[in-house]
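Q: Chains as they are written, first to last, in this note's numbering: chain G, 1 to 311; chain W, 1 to 409.
In short, the hints are calculated from the structure, not lab data. The beta-carbon is built from N, C-alpha and C at its ideal position, and this holds for glycine as well. No false leads were mixed into what you were given.
Derived DMTMM-like pairs (lysine to aspartate or glutamate); straight-line CA-CA distance at most 25 Å:
id	chain 1	residue 1	chain 2	residue 2
1	G	7	G	159
2	G	129	W	221
3	W	92	W	51
4	G	134	W	221
5	W	5	G	107
6	W	5	G	89
7	G	7	G	154
8	G	133	G	166
9	W	92	W	81
10	G	133	W	221
Reference excerpt, derived from the structure (chain G facing chain W, CB under 8 Å, subset only):
id	residue
11	52
12	78
13	82
14	87
15	91
16	99
Take a look, some chain G residues computed to stay more than 10 Å from chain W by CB distance:
id	residue
17	25
18	172
19	178
20	183
21	236
22	257
23	294
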Amino acid sequence: MNIVDVKNLVKRYGTTLALDHFNMEIAPGEVFGLLGPNGSGKTTAINCILQLLTYDKGSIELFGEKMSPTRYDLKRCIGVVPQNVAVFEELTVRENIDYFCGLYISDAAERRACVNDAIEFVGLQDYVKHRPKKLSGGLLRRLNIACGIAHKPELAFFDEPTVAVDPQSRASILQGITAMSERGTTVVYTSHYMEEVEEICSRIMIMDKGRTLAIGTNAQLKIMTGIGERIEVDVLELPEAARAKVQGLDCVQSADYDGHVLRITCGNGQHNVSDVLGILRTFDVTPGRIWAEPPTLNDVFLEITGRDLRD
Amino acid sequence: MRVFKCALRVMRAHLIFPLVYIVGLSFMGLFMAMSFSFGQADEQFQPARGEYAVVDRDASAVSQGMIDALSAVGDKVEVADDRRAFQDAVAKGAVDYLLVVPEGYGDAFAAAAREGTDAPSLDVVFSYYSAEGAYLDEAVGSYLSAVRTILAAHPTATLEEAVDDALDAVGHTAQTTILTTDAGMTEADRFLFYLQWSTYTLFAGITVCIGVLTATMGRTDVRRRSLTSPLPFISYNLQMGLACLVVTAFAWLWTFAIGAIAFPQAMTSMTVAGVTWCALSMFAFCLIPLAIGFLLGQLSASITVSNAVGNICGMVISFLGGAWVPLDIMSPAVLQVAQLMPGYWYNKACGLAAHLNSVPTLDAIVPILQSMGVLLLFTAVVLVIALLVARMRTQTSTAGGNAAAHTAL
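Isolated chain G (complex conformation) (with noise of 0.2 Å):
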């Protein structure tokens, strides 16, 4: 049984077509990423599954079951940490965490521990009488998640949590959202730092205009693309014809000469750099330094939703 199940689901805004039959299927104690560019319908998508915004066509399912606004039931087993900071500046820290633990969870004991749980995770027990006022943008980041996953739900949807966050805060939000997937938590993540979802995800949703253009994991997608790895190689002199020879072999998807680098894009091939390294041998070409980079899933991004600005 899937986590989340959802099948064809249409969406529009007026004229304009936000969700195109998309569907994606999460597995309990996944991390999903989902990918897309601004304006892709990542955000509409996590709206409609968390009953925010109507939709025209389709079914969503979770935890196997129908959703609908007043299944308080499901709910109740949902996390959500907004992309903006959404806690109450009235409220200290317990106050805020307190209060919306309080809507999942009425027993005061219980809330209580899960409240201290929540603060001691994302670390904020020095901060817990400050008013948001008074924290950094990393301790206003790490009070949203707490607001959000403090009732320990068994799906957490994180929108851009780590944006406008300094690296220490970044990999301690990661760290604990590593953790909560260790514990059993499903968490579907969207971001738009690539790192991050290679980094935490167990798989990886690429989607754009509504529609989902590739899934699967990390290693599954730089396979579809074709997409190997980027070798540079720093030479003083290089013949036309070394270089045509190079861009002559099957695994080089294109290699050109500045003057000073060689800069070759291969596609996926078992002995790439040696490939190269022996052509430039028979020229009598002494190579400087020589730096072989996989592919990351920015390139994936980029190969998969293009190239042109995005409003």
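Use these hints to put chain W onto chain G, whose structure you have.
A: Showing chain W alone in chain G's frame:
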């Protein structure tokens, strides 16, 4: 009751608004009502008395008569017969009236009276701005006039006889009694004025408090977070409604109780029915700013906007309700406009309720109920508009694209 408690905590964080608007303005209304002198029916009339000084260089019967005439209407202050002392006494306000009787004045005055020529002049100093000084001068003038008349009418009368008769004549005063009319100003009227003025307190206070509360609780991000929780919508809305009602009830109870405590005689002079209907009318009025505050919350009005709306509308409504200037002296056109405002109907209801008998008849209560009905209609209209705004807000956000989706609900 998580939302209810949270709303009260939010209100506690914005305590400055109820303190300034509800507590502060209610005290201001109280002081204004107390500062009015509506007459004191239980006290006897006391004529005003001034302070005078006489420098008698004549020491005649006439000058002694002047001193006696002045002592009946003022209190004597000793001033040395010295030009500098005169200046000091008048300049420093030690006396309201300074009289210098020159040597030979009595004889000259008697001769002039018998011959019918002009009386000799006196040296008198008092300020044009001093009512007491003018009053004392008038007393001296009346006495001298009486002496002159007696001497002219009775040529054989001695100067001493004329002075005695004159003092006897000017000593007669009219009997004065303070009468209060049926519509007289009593402490109940002060209380009624306080209730009238409270339109500003209540309107500004409740509008601002509810506006701030609903805007804070309804902030898009936190509201969305609440909506994703298992808390039913109806429970959320009911708890919010209850919190708004508690804030309104506090404003109502505080404002009314302060008035009742400050004017205890008004409470005893009015009937229980009168006090009760006044309180109910006030509560009916309070529901209007509650609805307006709710509307401001739906419009996501900022704290500044809530303050502006509360103050400006509060002033207009209280002015057109007759709290600042009596409606009696307003032009018919302004009165017509006033009838379109809730302050008018609230004051009408309170005015009628204040004069209710202990066992009011249905005829007496119906006009009060009608005025309260108008107040409730105002509330209903604003609430309907607020609900429409809330609905439009949701519909617009779901119909306008991805950016709008962020503001949904």
